[in-house]
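Enquirer: Please build the complex by placing chain X on the supplied structure of chain W, with the hints as guidance.
Okay, here's what each chain looks like letter by letter:
2 protein chains.
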Amino acid sequence: MGKVIIHATITLDGFMADTKGSIDWMFDFGDSDEKVINTFMQELGAVIGGANKTQTVEEGEIPYGGMLKIPMYLMTHEAHEPIEKDGITYTFIVNDIAQAVGEAKAAAGDKNVALLGGSISRQCLKLGLVDEIQLHVVPMLLGEGISLFGGLGERIDLERIEAVTTTGINDLRYRIVK
Amino acid sequence: MGKVIIHATITLDGFMADTKGSIDWMFDFGDSDEKVINTFMQELGAVIGGANKTQTVEEGEIPYGGMLKIPMYLMTHEAHEPIEKDGITYTFIVNDIAQAVGEAKAAAGDKNVALLGGSISRQCLKLGLVDEIQLHVVPMLLGEGISLFGGLGERIDLERIEAVTTTGINDLRYRIVK
Numbered sequence: 001m002g003k004v005i006i007h008a009t010i011t012l013d014g015f016m017a018d019t020k021g022s023i024d025w026m027f028d029f030g031d032s033d034e035k036v037i038n039t040f041m042q043e044l045g046a047v048i049g050g051a052n053k054t055q056t057v058e059e060g061e062i063p064y065g066g067m068l069k070i071p072m073y074l075m076t077h078e079a080h081e082p083i084e085k086d087g088i089t090y091t092f093i094v095n096d097i098a099q100a101v102g103e104a105k106a107a108a109g110d111k112n113v114a115l116l117g118g119s120i121s122r123q124c125l126k127l128g129l130v131d132e133i134q135l136h137v138v139p140m141l142l143g144e145g146i147s148l149f150g151g152l153g154e155r156i157d158l159e160r161i162e163a164v165t166t167t168g169i170n171d172l173r174y175r176i177v178k
Numbered sequence: 001m002g003k004v005i006i007h008a009t010i011t012l013d014g015f016m017a018d019t020k021g022s023i024d025w026m027f028d029f030g031d032s033d034e035k036v037i038n039t040f041m042q043e044l045g046a047v048i049g050g051a052n053k054t055q056t057v058e059e060g061e062i063p064y065g066g067m068l069k070i071p072m073y074l075m076t077h078e079a080h081e082p083i084e085k086d087g088i089t090y091t092f093i094v095n096d097i098a099q100a101v102g103e104a105k106a107a108a109g110d111k112n113v114a115l116l117g118g119s120i121s122r123q124c125l126k127l128g129l130v131d132e133i134q135l136h137v138v139p140m141l142l143g144e145g146i147s148l149f150g151g152l153g154e155r156i157d158l159e160r161i162e163a164v165t166t167t168g169i170n171d172l173r174y175r176i177v178k
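Those protein sequences? They're chains W and X, same order as listed.
The first sequence runs contiguously to residue 178 in my numbering.
The second sequence runs contiguously to residue 178 in my numbering.
Keep in mind that the hints are not guaranteed to be accurate.
The list treats identical chains as one, so a pair stands whether inside a single copy or across any two.
Calculated lysine-lysine pairs in the DSS-like style (CA-CA distance at most 30 Å, straight line) [what the hints assert, rightly or not]:
id, residue 1, residue 2
1, K20, K126
2, K126, K85
3, K111, K20
4, K20, K178
Since the hints were made in silico from the structure, they are not lab data.
Only a predicted model underlies this, so the values are computations on that prediction, with no experimental measurement involved.
The shape of chain W in the complex, shown without the other chains:
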């Protein structure tokens, strides 16, 4: 069975995006370690992304830029028919994150499920559904924005299982201690 892994690029102060949702700042700081990224991507079997992605699929803006031809599960507040686009199936799940994790794990088989976005990540942490966290920490303070962990509200112990600092970005992998 694959693992459920939070995947995020964040600033040193923990933001995934600025207050308007932009990640333009991300591109000022070079790339993560190529081997870390490639390995992570190759081991993915499904993705769970944010509710705000319903529209973006139709506009062509999709998780991992459409690079990964694997099932995508997108959290919504309203039911929506699945979308097939460029070899990817987007399944919309209404509110029930545990259901999304169950379906994504089944679809992923032996491969891993990536969790994208702060709300989804925090909900899954609280429900005990997360196995690992893969972070790419960009060398900047954004000062304000959309936080990955902000509002979590409970203590979760971790064990660092990988730390790669070959580029200016910290590629860090943690295991949730249960």
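Expert: Quick look at chain X alone, frame taken from chain W:
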């Protein structure tokens, strides 16, 4: 002239202490790299600490546990006579953080000045008074607490100049890009 360096141990979600100010959790995760700590301490010539330390000096609870026999500048809201205790001089500075940095730099000479605490660190970042940041990132999410960078409100670009991951803690040194 020495550098002005924010020095903090934080959780992966950026907290220095829990909501009650306790750092008991910090001791569950082992130590930072000994060489990093020793080098940092040897290069320090003065320390600027928080306003809430007036009382703690008198109670014997002091920055770096009294291990460092160097001048300590403590921010207060009310004037207070200097205190001499166990070979350390504690000078109290009323509200003016730039004055504290000026005095501490003068006292430190060629050595560095450590900034302790979130409010002091953020004020100095906003005033452009900080040269570097030395962090020790503990492998846990605290969920809530006293944040190092929370409320900063402005973007500050960094360059990572050291990353030591010999222990389970990430010992990271950043330079402020001005």
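Enquirer: Each hint: holds or not?
Expert: Each hint tested on the structure:
1. Proximity of K20 to K126 under the C-alpha cut-off of 30 Å is found in both arrangements, the shortest distances being 26 Å within a copy and 22 Å between copies.
2. For the identical chains of this complex, K126 and K85 are neighbours neither inside a copy (32 Å) nor across copies (47 Å), given an alpha-carbon limit of 30 Å.
3. In this homomeric assembly, K111 and K20 never come within 30 Å of each other (Cα to Cα): the closest approach is 33 Å inside a single copy and 41 Å across copies.
4. Proximity of K20 and K178 under a CA criterion of 30 Å is satisfied inter-copy only: 25 Å between copies versus 35 Å inside one chain copy.
Going through the hint list in order, the structure does not satisfy hints 2, 3.
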